[in-house]
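**Q** FYI, in this note's numbering the residues of the sequence shown are 96 to 185.
Hint data in this document are derived by calculation from the structure and do not stem from the laboratory.
Idealized CB from N, CA, C, for every residue including glycine.
Treat the hints with care, as some may be off.
[Unchecked claim] Have a look at the derived ranges for each label pair, beta carbon to beta carbon:
| id | residue 1 | residue 2 | range |
| --- | --- | --- | --- |
| 1 | Ser146 | Arg100 | 37 to 47 Å |
| 2 | Ala143 | Asp99 | 30 to 40 Å |
| 3 | Gly169 | Arg100 | 19 to 29 Å |
| 4 | Ala104 | Pro167 | 31 to 41 Å |
| 5 | Ser98 | Gly122 | 31 to 41 Å |
| 6 | Pro149 | Ala177 | 19 to 29 Å |
| 7 | Ala131 | Thr108 | 32 to 42 Å |
| 8 | Thr141 | Arg100 | 19 to 29 Å |
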Amino acid sequence: MGSDRHHRAAIRTAAATAARQLTELTGTPARLQDEAYAVRIEADVTDAALSHWPRLLAVLDLGTEYGVTNGPDGQVAWLRIALRDKGPRL
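With the hints as extra help, turn the sequences into a complete structure.
**A** Now the structure itself:
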């Protein structure tokens, strides 16, 4: 059980680091959202972020999965960091 707590703490630290980097790259606050088995971090894609596209991709690549979606107010870059594998432990 202690190992699971340490793993979750490490994921939270990684999520906070990614959020801070996205905020710096985009100039807008990154948003963190807890999901059932992951932490999702997203930020609006700004001109500032586009001018540093390789750095933005490097931050997104910290996630278990990532992408860019189109929304009503523009593009949103997101990454998801898995808390643990889905399903029962064996």
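**Q** For each hint, tell me whether it holds in the structure or not.
**A** Against the structure, the hints:
no., hint, result
1, Ser146 x Arg100: 37 to 47 Å, "40 Å, holds"
2, Ala143 x Asp99: 30 to 40 Å, "38 Å, holds"
3, Gly169 x Arg100: 19 to 29 Å, "38 Å, violated"
4, Ala104 x Pro167: 31 to 41 Å, "35 Å, holds"
5, Ser98 x Gly122: 31 to 41 Å, "38 Å, holds"
6, Pro149 x Ala177: 19 to 29 Å, "24 Å, holds"
7, Ala131 x Thr108: 32 to 42 Å, "20 Å, violated"
8, Thr141 x Arg100: 19 to 29 Å, "36 Å, violated"
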